[in-house]
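Protein chains: 2
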Amino acid sequence: MNTLTDNPITQIKNRQAQLVKALKPLLPEHALLWEPEDTIPYECDGLAAYRQMPLAVALPETEAQAVAVIKVCQNLEIPIVPRGAGTGLSGGAMPIAQGLVLSLAKFKKILHIDPIARTAVVQPGVRNLAISEAVAHHGLYYAPDPSSQIACSIGGNVSENSGGVHCLKYGLTLHNILKVRAILISGEVVEFGSLAPDAPGLDLMSILVGSEGMLAVITEVVVKLVPKPQLAQVIMASFDDVEKGGNAVAAIVAAGIIPAGLEMMDKAATRAVEEFVHAGYDINAEAILLCESDGTPEEVAEEIERMTEVLKNSGAIRIQVSQSEAERLKFWSGRKNAFPAAGRISADYYCMDGTIPRQHIATLLKRIQDMEKKYQLRCMNVFHAGDGNMHPLILFNGSDEDEWHRAEAFGSDILETCVELGGTITGEHGVGIEKINSMCVQFSESERELFWGVKAAFDPKKLLNPDKAIPTLNRCAEYGRMRITGGALPHPELERF
Amino acid sequence: MNTLTDNPITQIKNRQAQLVKALKPLLPEHALLWEPEDTIPYECDGLAAYRQMPLAVALPETEAQAVAVIKVCQNLEIPIVPRGAGTGLSGGAMPIAQGLVLSLAKFKKILHIDPIARTAVVQPGVRNLAISEAVAHHGLYYAPDPSSQIACSIGGNVSENSGGVHCLKYGLTLHNILKVRAILISGEVVEFGSLAPDAPGLDLMSILVGSEGMLAVITEVVVKLVPKPQLAQVIMASFDDVEKGGNAVAAIVAAGIIPAGLEMMDKAATRAVEEFVHAGYDINAEAILLCESDGTPEEVAEEIERMTEVLKNSGAIRIQVSQSEAERLKFWSGRKNAFPAAGRISADYYCMDGTIPRQHIATLLKRIQDMEKKYQLRCMNVFHAGDGNMHPLILFNGSDEDEWHRAEAFGSDILETCVELGGTITGEHGVGIEKINSMCVQFSESERELFWGVKAAFDPKKLLNPDKAIPTLNRCAEYGRMRITGGALPHPELERF
Chain A
165 MNTLTDNPIT QIKNRQAQLV KALKPLLPEH ALLWEPEDTI PYECDGLAAY
215 RQMPLAVALP ETEAQAVAVI KVCQNLEIPI VPRGAGTGLS GGAMPIAQGL
265 VLSLAKFKKI LHIDPIARTA VVQPGVRNLA ISEAVAHHGL YYAPDPSSQI
315 ACSIGGNVSE NSGGVHCLKY GLTLHNILKV RAILISGEVV EFGSLAPDAP
365 GLDLMSILVG SEGMLAVITE VVVKLVPKPQ LAQVIMASFD DVEKGGNAVA
415 AIVAAGIIPA GLEMMDKAAT RAVEEFVHAG YDINAEAILL CESDGTPEEV
465 AEEIERMTEV LKNSGAIRIQ VSQSEAERLK FWSGRKNAFP AAGRISADYY
515 CMDGTIPRQH IATLLKRIQD MEKKYQLRCM NVFHAGDGNM HPLILFNGSD
565 EDEWHRAEAF GSDILETCVE LGGTITGEHG VGIEKINSMC VQFSESEREL
615 FWGVKAAFDP KKLLNPDKAI PTLNRCAEYG RMRITGGALP HPELERF
Chain B
165 MNTLTDNPIT QIKNRQAQLV KALKPLLPEH ALLWEPEDTI PYECDGLAAY
215 RQMPLAVALP ETEAQAVAVI KVCQNLEIPI VPRGAGTGLS GGAMPIAQGL
265 VLSLAKFKKI LHIDPIARTA VVQPGVRNLA ISEAVAHHGL YYAPDPSSQI
315 ACSIGGNVSE NSGGVHCLKY GLTLHNILKV RAILISGEVV EFGSLAPDAP
365 GLDLMSILVG SEGMLAVITE VVVKLVPKPQ LAQVIMASFD DVEKGGNAVA
415 AIVAAGIIPA GLEMMDKAAT RAVEEFVHAG YDINAEAILL CESDGTPEEV
465 AEEIERMTEV LKNSGAIRIQ VSQSEAERLK FWSGRKNAFP AAGRISADYY
515 CMDGTIPRQH IATLLKRIQD MEKKYQLRCM NVFHAGDGNM HPLILFNGSD
565 EDEWHRAEAF GSDILETCVE LGGTITGEHG VGIEKINSMC VQFSESEREL
615 FWGVKAAFDP KKLLNPDKAI PTLNRCAEYG RMRITGGALP HPELERF
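Chains A and B supply the protein sequences, listed in that same order. Using our numbering, count along the first sequence one by one with no gaps and you end on 661. Using our numbering, count along the second sequence one by one with no gaps and you end on 661.
The shape of chain A in the complex, shown without the other chains (with noise of 0.2 angstroms):
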């Protein structure tokens, strides 16, 4: 590092025209920005809330560019943070400070298309919907369905996991891919995974799912591709208290039922949806469940007609299936828009993403409610209960600090609560910069060891994606102490330069 000053703007500033020299020949001019003006769009993912300007973004446009790039980060020991659609939720991509961002856009070519093998070679830049858009004309789909399909890319579904309503029945990104092609930090290419069901050795492209960009760039997925239900209908049912809901979705998987789809909303949820998108849901409702089942016709008949019966043992209200294609949709609409609906009726809101146990959602909920006292805040609750993922909305107003400041404790409060009661502080949207010190609540030292050692395999300067996802001994060491004295953490991400 070229520092002949001690001033630390004046050493950002060298160091940027350091990285901008380095990679002027090897990029297009209009793949390369460092202005201010240019890189501000990145300077956040999908949370807002944690802000970073970066030193540079990149946007190459082959693999061979993208190499390039690697190897000279690798040189100049410059972090590089992954960048996809920049839809992510818990700040993964959100830039570091002396950091470029690499970012795969650029990269959203359909490569091929196997009917036969039910397979797509796909760039990671392509977008979740456009994969089955292209293959639609087969009769097949991709089946993860993040809510945010239309706009997130192949590319951060396989970073973050990503899951979606179709998930208990389908499975996670994990479970619907082959294969990866990723560069690593030495600037190889490497395949990782296998088109044949198991793969010898150790399993890394598992290990590169779900790994928030901090193990290689990822420049090619093979994604597996499924048959399109000749049918699917879905089942709205009401519940006169949260805890019978809870217990009907336990049921519904006890009774040998994996639904296409299996979600729950609470009260405050219906009320804020049903106002904005009229979807027809019951707001008298303490919850209602969602549960769509597809296939043939008679298999979903079948289906139907034995989850009407467990929801009805279970003390549904009042039951309705979708009778069309058109009332299936209208059913789902409100569902997908209840982060859009939450934001109508609060200046902001903060999504937690903790996964529990499916037999433990009645308790969660109930210790959510006493939350809501003790932070005085309102919280939304939807759900995609099969999978026991919960997505509480904590309702706040920004321009507050201290109501911030509440919101922040209320979700790791929750995220807390999720651990107490054997489940996760991340179904689907990974842990970034958002979830970190919770990290330390999920996992003990030694485990925290492992992932670094495994992290150190992969990239032992800790140049991809540093201080994401993992937390230092250190930070955990620090956030003990903080929760101790009750106060909270810095974030000393948040500051620019």
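There's no promise every hint is true.
Pairs involving identical chains hold if they fit within one copy or between any two copies, as the list cannot separate such chains.
Mimicking DSSO-like on lysine-lysine, the simulated pairs with C-alpha atoms at most 30 angstroms apart in a straight line are [unchecked claim]:
#, residue 1, residue 2
1, K530, K343
2, K388, K270
3, K333, K388
4, K333, K392
5, K538, K626
6, K185, K538
7, K273, K188
8, K388, K408
9, K343, K388
10, K431, K537
11, K476, K388
12, K333, K343
13, K392, K500
14, K538, K494
15, K626, K343
16, K500, K625
17, K343, K537
18, K392, K408
19, K185, K343
20, K408, K343
21, K530, K388
Think of the hints as simulated: they come from the structure by calculation, not from any bench.
Using the hints, position chain B against chain A.
Positioned in the frame of chain A, the structure of chain B alone reads:
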């Protein structure tokens, strides 16, 4: 190491005495074996061609005892070979000359069954089939069903990521477990995975699955249970040409059908089996397919009809559908007895486990026919066709050293052809000691370096099952030279002390 003498036998005897002295106070008397007449049953696993006597065998009965044993080995730097039921087919549980065998055979309790969450907590020594038997009264079972399921244990299944005839629909071991509790080489006990669907941080559970005892010693597994289908039926279809049979497999999957089982056998296999168990196979067919459907009676009827149509269009010359549960089991009895049937017609057989993309089944079969001429040995072919997982059984006479060398070369040739066709050298039997040289062909040097890096994160001193599964860089360099000169690598592990 106590070495006042240069005599290697004396050295080993001293080492053994040191180990036994340290372990005796930690274990019940019957749980520590070191006399050759006691340890000889442990000198090999299911791959009996490779044998080695260990220093000693420990059979702890509690996790605390296992921890104590591991700590002693760590202090004395004595390698540990964890062992389940010893049914593995790749020598993964074969002892190491200077090492301890750590048998988990006494860990055979089913600790907890939760029919609502559909999970069971089991110790690693529990037999695969014993889980299904224990939960049958809840209408549940554990899906992965290796042919050895009567004998093999769940700890071994996790270590090898075992499959079975139902894995096309229900997934491999990886897809059917939620958590693994294991002892690290430091003696610390860690739980990997989560009862919730996705755990944050790096996915260390997935990397533990299939790691062949190289990363940690498993002490508990949380398995998923699935509802027993109301009905299952199997179609037996005959083809006058192996290529048509292979293409029928691809056509079924391309039609959007995911059969509960999809198996193929060639003429050599059906003839050997039919003489042995009289399963009713068509011994004039060049290949037969077994295609199973399970579910509700309506689902099965519909799927059997669709599969029958695809099979007819693919050129099936005879189609027979099981008309009773007894007939279904009779059809499967042939497939499940293919290995002993090979044992009846040949003094020895060598079972391969390559996996290829489904569309190349016919190509591989033709290449194997050519190899039969080249190596002057017969081969019968049994496949998990839906998975593309092939089990060619090379027939030879082990007392003829030249035949054994030809069988080994034949096997390597098949596996390297699998890699050439985009597949892998092992589907479900693991690498162990048997396929360690083929790993040099399957993976590049930098991929093997990543494996070693991950290994180092768990086991920096390389004490857990060393010299298995991942070849050293030296070994691969040596193998490269041997392949060029056409020689066979000596197996130093074969020598007993």
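Going through the numbered hints above, which ones does this structure break? Give me the numbers in ascending order.
5, 6, 14, 16, 17, 19
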